[in-house]
Amino acid sequence: MNDLMGQLIAQLFVWPVVALVLFYYPIRKVCVRAGLSPHNAFWVLVPFLGWLIILGILAFSSWPNRIEED
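Going by our numbering, the sequence shown opens with residue 1, and the numbers climb by one from there.
Derived by calculation from the structure, the hints in this document are not laboratory data.
Some hints here could point you the wrong way.
Stated by the list, open to error - With beta-carbon atoms standing in for the labels, derived distance ranges:
1. 2 x 33: 45 to 53 angstroms
2. 5 x 26: 30 to 38 angstroms
3. 20 x 58: 17 to 25 angstroms
4. 15 x 37: 19 to 27 angstroms
5. 9 x 61: 33 to 41 angstroms
6. 30 x 6: 43 to 51 angstroms
7. 2 x 63: 15 to 23 angstroms
8. 56 x 15: 21 to 29 angstroms
9. 4 x 62: 45 to 53 angstroms
10. 42 x 12: 13 to 21 angstroms
11. 14 x 48: 14 to 22 angstroms
12. 25 x 64: 15 to 23 angstroms
Glycine residues also receive a C-beta, built at the ideal position from the N, C-alpha and C atoms.
Work the whole structure out from these sequences, hints included.
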């Protein structure tokens, strides 16, 4: 029972913190450099669809240093 509780705590609390450190901060830096709100980086914390959403936002938004084609 105690081992099961330890695994549950690790899955509910430790892994989200690890994901926040590993994924949120780098995506936040990319969003800021792209001229987007850094709050868009929270999408990576949504399981499965979060990565697709943030990649779609980055792919289809206009970046500040991009040269527009005629």
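Each hint tested on the structure:
no. : hint                        : in the structure
1   : 2 x 33: 45 to 53 angstroms  : 46 angstroms, holds
2   : 5 x 26: 30 to 38 angstroms  : 32 angstroms, holds
3   : 20 x 58: 17 to 25 angstroms : 19 angstroms, holds
4   : 15 x 37: 19 to 27 angstroms : 26 angstroms, holds
5   : 9 x 61: 33 to 41 angstroms  : 38 angstroms, holds
6   : 30 x 6: 43 to 51 angstroms  : 35 angstroms, violated
7   : 2 x 63: 15 to 23 angstroms  : 51 angstroms, violated
8   : 56 x 15: 21 to 29 angstroms : 25 angstroms, holds
9   : 4 x 62: 45 to 53 angstroms  : 50 angstroms, holds
10  : 42 x 12: 13 to 21 angstroms : 18 angstroms, holds
11  : 14 x 48: 14 to 22 angstroms : 20 angstroms, holds
12  : 25 x 64: 15 to 23 angstroms : 21 angstroms, holds
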